[in-house]
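4 protein chains.
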Amino acid sequence: MRPDYDTAVAEIISAGQFLAKQGWAPATAGNYSMRLKNGCIAMTVSGFEKGELTPDAVMTVDAEGKPLDNRRPSAEMLLHIGIYTVSPETNAILHTHSKGATVFTKRHKDLKAIRLADYELLKIYPHISTHDTSVDLPIFDNTQDMKALREEVDPVLANGIPAYLIRGHGLYGWGRTMAEARSVVEATEFMLACELELRSVA
Amino acid sequence: MRPDYDTAVAEIISAGQFLAKQGWAPATAGNYSMRLKNGCIAMTVSGFEKGELTPDAVMTVDAEGKPLDNRRPSAEMLLHIGIYTVSPETNAILHTHSKGATVFTKRHKDLKAIRLADYELLKIYPHISTHDTSVDLPIFDNTQDMKALREEVDPVLANGIPAYLIRGHGLYGWGRTMAEARSVVEATEFMLACELELRSVA
Amino acid sequence: MRPDYDTAVAEIISAGQFLAKQGWAPATAGNYSMRLKNGCIAMTVSGFEKGELTPDAVMTVDAEGKPLDNRRPSAEMLLHIGIYTVSPETNAILHTHSKGATVFTKRHKDLKAIRLADYELLKIYPHISTHDTSVDLPIFDNTQDMKALREEVDPVLANGIPAYLIRGHGLYGWGRTMAEARSVVEATEFMLACELELRSVA
Amino acid sequence: MRPDYDTAVAEIISAGQFLAKQGWAPATAGNYSMRLKNGCIAMTVSGFEKGELTPDAVMTVDAEGKPLDNRRPSAEMLLHIGIYTVSPETNAILHTHSKGATVFTKRHKDLKAIRLADYELLKIYPHISTHDTSVDLPIFDNTQDMKALREEVDPVLANGIPAYLIRGHGLYGWGRTMAEARSVVEATEFMLACELELRSVA
Numbered sequence: 001m002r003p004d005y006d007t008a009v010a011e012i013i014s015a016g017q018f019l020a021k022q023g024w025a026p027a028t029a030g031n032y033s034m035r036l037k038n039g040c041i042a043m044t045v046s047g048f049e050k051g052e053l054t055p056d057a058v059m060t061v062d063a064e065g066k067p068l069d070n071r072r073p074s075a076e077m078l079l080h081i082g083i084y085t086v087s088p089e090t091n092a093i094l095h096t097h098s099k100g101a102t103v104f105t106k107r108h109k110d111l112k113a114i115r116l117a118d119y120e121l122l123k124i125y126p127h128i129s130t131h132d133t134s135v136d137l138p139i140f141d142n143t144q145d146m147k148a149l150r151e152e153v154d155p156v157l158a159n160g161i162p163a164y165l166i167r168g169h170g171l172y173g174w175g176r177t178m179a180e181a182r183s184v185v186e187a188t189e190f191m192l193a194c195e196l197e198l199r200s201v202a
Numbered sequence: 001m002r003p004d005y006d007t008a009v010a011e012i013i014s015a016g017q018f019l020a021k022q023g024w025a026p027a028t029a030g031n032y033s034m035r036l037k038n039g040c041i042a043m044t045v046s047g048f049e050k051g052e053l054t055p056d057a058v059m060t061v062d063a064e065g066k067p068l069d070n071r072r073p074s075a076e077m078l079l080h081i082g083i084y085t086v087s088p089e090t091n092a093i094l095h096t097h098s099k100g101a102t103v104f105t106k107r108h109k110d111l112k113a114i115r116l117a118d119y120e121l122l123k124i125y126p127h128i129s130t131h132d133t134s135v136d137l138p139i140f141d142n143t144q145d146m147k148a149l150r151e152e153v154d155p156v157l158a159n160g161i162p163a164y165l166i167r168g169h170g171l172y173g174w175g176r177t178m179a180e181a182r183s184v185v186e187a188t189e190f191m192l193a194c195e196l197e198l199r200s201v202a
Numbered sequence: 001m002r003p004d005y006d007t008a009v010a011e012i013i014s015a016g017q018f019l020a021k022q023g024w025a026p027a028t029a030g031n032y033s034m035r036l037k038n039g040c041i042a043m044t045v046s047g048f049e050k051g052e053l054t055p056d057a058v059m060t061v062d063a064e065g066k067p068l069d070n071r072r073p074s075a076e077m078l079l080h081i082g083i084y085t086v087s088p089e090t091n092a093i094l095h096t097h098s099k100g101a102t103v104f105t106k107r108h109k110d111l112k113a114i115r116l117a118d119y120e121l122l123k124i125y126p127h128i129s130t131h132d133t134s135v136d137l138p139i140f141d142n143t144q145d146m147k148a149l150r151e152e153v154d155p156v157l158a159n160g161i162p163a164y165l166i167r168g169h170g171l172y173g174w175g176r177t178m179a180e181a182r183s184v185v186e187a188t189e190f191m192l193a194c195e196l197e198l199r200s201v202a
Numbered sequence: 001m002r003p004d005y006d007t008a009v010a011e012i013i014s015a016g017q018f019l020a021k022q023g024w025a026p027a028t029a030g031n032y033s034m035r036l037k038n039g040c041i042a043m044t045v046s047g048f049e050k051g052e053l054t055p056d057a058v059m060t061v062d063a064e065g066k067p068l069d070n071r072r073p074s075a076e077m078l079l080h081i082g083i084y085t086v087s088p089e090t091n092a093i094l095h096t097h098s099k100g101a102t103v104f105t106k107r108h109k110d111l112k113a114i115r116l117a118d119y120e121l122l123k124i125y126p127h128i129s130t131h132d133t134s135v136d137l138p139i140f141d142n143t144q145d146m147k148a149l150r151e152e153v154d155p156v157l158a159n160g161i162p163a164y165l166i167r168g169h170g171l172y173g174w175g176r177t178m179a180e181a182r183s184v185v186e187a188t189e190f191m192l193a194c195e196l197e198l199r200s201v202a
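Residue numbers (the numbering used here), protein chains in the order written: chain A, 1 to 202; chain B, 1 to 202; chain C, 1 to 202; chain D, 1 to 202.
Quick caveat, the hints were computed from the structure, so don't treat them as lab data.
With the C-beta cut set under 8 angstroms, the calculated list includes, among others, these residues of chain D facing chain A: (1) 118; (2) 119; (3) 124; (4) 130; (5) 131; (6) 183; (7) 186; (8) 190; (9) 193; (10) 194; (11) 197; (12) 198; (13) 201.
For each residue, glycine too, the CB sits at the ideal point set by N, CA and C.
Generate the whole structure from the sequences, applying the supplied hints.
Encoded structure:
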């Protein structure tokens, strides 16, 4: 299921167009990647409008995150490498910045996870075949120290939930294909937006 | 008013583009169908992004729901068959997942119906020619047992209201044509979004 | 400033595309018109999706509202005629259905007008050159009796405000040109959406 | 980094399309400018729909704001001149009208600044490299007297924050390039929308 470089670039560009249209990529924020057939990672370079990406806006790093061209990847590349390392079946990662995720994580500022229960959309997550269950989506405090963050995040990835939140920052979501990663992000943002309303005064 | 297969496919694809743009088809959720001239049902296959459907994403089942090609239809196909069986004049059904419907049905978790009154848009429903009336839109609890759900739903369909809600899941709406089904969904989602605000603190 | 028929049709179609994109024309709701060079009125026929109008969806009535082809105009045509009769400089009228207008007028159900004050956008209304003023936008109760409604509305039109609301129904806005009518509708919907938030608990 | 006239016109038109799509340019509101290679300012003329600008909708003034063709610039041109004068590295300015900015500044009507803290998006502002900081975004009371407003605004520009709000009116944001100005506006509107929710009852 791992794409070649040209396919990865096309899918990253198309994901950016979709995510920007939803309002989840304000002000060039976010980064997207795919694991290639050869095990390297194609990844967006910082600073480009995500709704208007061109092939120039994609670079390659190796499986440890070492740049394979002379551009410097985003510091958050380390978080992508963390997910690819822990989860060998993952081939696409999307990191988005939504108002819902930002407001939720800032309002509930001591919450370490958000429980999502009784949503039909939970079935988008792998190995879930009923709404009648619950998932604890992890929330990590924001930091600019990506190594420290990765040490916190990596152990939690074993829970099998293909997404986590960073407080005041945004969402990471992933899957075996770009289509799966996009569905995870869509479903998670949808449920987060619902929770934000449900947990406010009715 | 029943379409041939090619027309049905075109109208289903176009409905998906419209509904996805409204945010009512997140993460491939939902399913759409039309009853054909020959009495069979053309219906979306699960797992495709609803805003980017292709003819491949449509399959056919007979009037009892038996697949006519070798793909497996969505389990919710049974709910479509239920509506087509009870309502012979119905030729198009749209099932959407909106934030409004999800939040409303989860917040008001014991409500069996939502009363919609004094909306000009009520005139979209068949046989209603004034805003000065009310409609009780049914809400069913979610389940993965489609046969059980159909036993609950079918008797209620006699009320003539061309729509119902499933809690934490979404909306079913229908009509004689795809245009009518789409108007029913648009009007119902509009009134639901209004009720959600009107029933919260002002 | 009055257009010929072909220009009017093109401007009505284009207005519909814009208004539908804003969510102000759900389920075919609303109607739009322009006064032609010859004094007749070009107006949308009911029942078409407003975002996908074609020339077929426009008909002509004379200055008293008598149909000039063999189609029946919407009952609300009378409200358009009322505005054109009282305001000779008006050549374009847009009637929209927004969630904001619907929720506001249903929540504040005894209010006969909504005061809009200290908005920069008030300068869109004719003869207003500062934000430091206020406008009382009229709200009429909904009815299916268009003659009765017109008797209520017509005297109020003398106030010079190019817009009014119908409770649980929507907004009428107008101007000398379609561009002016559209700006009036945009500015009014914007201020209404702000008032809805400002008048709820903060 | 200063563009020639044709590039400036193209970037202004494209910015207008983007901003209008976000709902930040209702009813022709707002104005956009760029400083040219020759030190003159290309700027939108009032009264055009910002999402549908044509080269006709752009005029030129000199560095003091004197029109270089026979059209009259918007009164707010003076605010643009103020920013270009105080900040020599600024070459693009965007002035938007959003519901979020309008509601926030009207609701908190005595607030002279809004504190934005702990947002990853703060890193969009120049010289900020961590979310773990705060910025006080200035809010000025609205007035039609642009000279008086400029006297209030100019001294505050020295704070280095590339944006300010005018109460009940909108946002000014700027940068060295149009891309930077657009990112500043996007990030600021995003954080404002979050603050509006975070400061209301949860």
